[in-house]
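Undergrad: Going by the numbering used here, the letters in the sequence shown line up with residues 131 to 377, in that order.
Simulated from the structure, these hints should not be mistaken for lab results.
All values derive from a computational prediction rather than experimental measurement.
Errors might be hidden in some of the hints.
Stated by the list, open to error - The calculated DSS-like cross-link candidates involving lysine-lysine, where the alpha carbons are at most 30 angstroms apart (straight line), are: (1) Lys265 / Lys338; (2) Lys265 / Lys146; (3) Lys365 / Lys133; (4) Lys197 / Lys365; (5) Lys194 / Lys247; (6) Lys337 / Lys365; (7) Lys365 / Lys292; (8) Lys338 / Lys146; (9) Lys133 / Lys194; (10) Lys265 / Lys194; (11) Lys292 / Lys338; (12) Lys338 / Lys133; (13) Lys292 / Lys337; (14) Lys247 / Lys338; (15) Lys197 / Lys265; (16) Lys247 / Lys133; (17) Lys146 / Lys247.
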Amino acid sequence: MHKLIELATRQLSDYKNNTPGTWFAEPVFDMNINLSYELQDTVTQLRLNEGDSVAGYKIGCIGKDVKEQFGMDGPIRGTLFSSELFSNNAVLSASAYCNLAIEAEMAFVIDEYFQIKRVFPVIELHNFIFRAPQKNLPELIGNNGINCGVVVPVQEQHRSIKDLDRLVDLSLRINDSIYSTNQLWPIDGNPLGSLGWLQENLCSYNKKLEAGQLILAGTTLGLYTVREGDQINVKLNGEEILSCLIQ
């Protein structure tokens with residue numbers, strides 16, 4: 131446990147210094163899946179001790195494109211923090227991140243009965259770096275799914291769960307390049323698949339969801355690096371829902 135707290139302290143320091151995950155370049159002990167989740171959760175507790183709060187969770191490494199990019203299969207869970215939620219039309223500094231990359235994906239919010247309340251697309255931010263000679267799940271999990279924030283649309287752009295069958299196309303535009311998918315939900319073709327998997331994962335580590343939390347369901351699109359000057363827009367069924375600018 132002492133070693134884990136020591137490593138978590140280093141992980142958080144590296145993250146703050148924009149050099150995430152340096153330990154994984156030369157690990158001094160084997161990191162398995164269970165230990166990597168314990169590491170993630172220990173870093174989370176350190177952040178909570180500093181006054182941050184858990185905004186929700188992400189599910190990652192599940193879509194075909196991302197699995198091919200990473201060379202490994204998920205799903206994996208990451209933790210989202212309130213201090214890293216950004217509003218629509220956010221202006222983000224590329225220099226604040228380590229090889230910034232983004233995903234467009236569907237997300238949802240749960241109510242007090244742990245039912246899906248609203249669904250909507252988000253832009254997930256990542257520090258796209260792996261230190262180990264070969265990408266691996268423990269490094270991905272230990273680095274919190276390489277998440278470093280989420281751009282979320284205003285509530286007026288959220289959709290009711292009743293509209294689910296009418297949501298058929300998610301598209302991401304980075305400058306003049308467009309990526310789209312009609313597979314909005316990677317687990318079982320609906321958000322309940324993501325919710326069920328996440329609840330099981332959290333239960334395995336003595337954690338549970340709370341009302342109002344944000345859940346990122348994963349994406350069938352890829353992970354795309356972005357740089358200064360890039361304009362990012364996300365549409366749902368052809369309607370622009372949110373955007374951000376990298377400067």
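Undergrad: Starting from Lys194, check that the Cα of Lys247 is at most 30 angstroms away, please.
TA: Distance ~27 angstroms between Lys194 and Lys247 Cα, so the pair holds.
Undergrad: CA of Lys338 to CA of Lys133, is that 30 angstroms or under?
TA: Answer holds: Lys338 to Lys133 is near 26 angstroms, not above 30 angstroms.
Undergrad: Hinted pair, alpha-carbon criterion (30 angstroms max): Lys337, Lys365. Please report holds or violated.
TA: Violated. Lys337 to Lys365 sits at ~33 angstroms, over the 30 angstroms cutoff.
Undergrad: Given the hinted pair Lys265 and Lys194, is their alpha-carbon gap at most 30 angstroms?
TA: Answer holds: Lys265 to Lys194 is near 16 angstroms, not above 30 angstroms.
Undergrad: Compare the distance between the alpha carbons of Lys265 and Lys146 with 30 angstroms, and conclude whether the hinted pair is satisfied.
TA: holds, 22 angstroms
Undergrad: With a cut-off of 30 angstroms on the C-alpha distance, tell me whether Lys292 and Lys338 pass.
TA: Answer holds: Lys292 to Lys338 is near 25 angstroms, not above 30 angstroms.
Undergrad: Is the straight-line distance between the alpha-carbon of Lys247 and that of Lys338 30 angstroms or less?
TA: Status holds; Cα separation ~17 angstroms.
Undergrad: Are the Cα atoms of Lys197 and Lys365 separated by 30 angstroms or less?
TA: Distance of about 23 angstroms is within 30 angstroms: holds.
Undergrad: Tell me if the straight-line CA distance from Lys265 to Lys338 falls inside 30 angstroms.
TA: holds, 29 angstroms
Undergrad: Has the given pair, Lys365 with Lys292, been kept, meaning a C-alpha gap of at most 30 angstroms?
TA: The hint holds at about 19 angstroms.
Undergrad: Taking only the CA atoms, is the gap from Lys338 to Lys146 under or equal to 30 angstroms?
TA: The hint holds at about 27 angstroms.
Undergrad: Need the status of pair Lys197, Lys265: alpha-carbon distance at most 30 angstroms?
TA: Cα-Cα ~11 angstroms, so holds.
The structure is inconsistent with the numbered hints 3, 6, 9, 16 and 17, although it conforms to all the rest.
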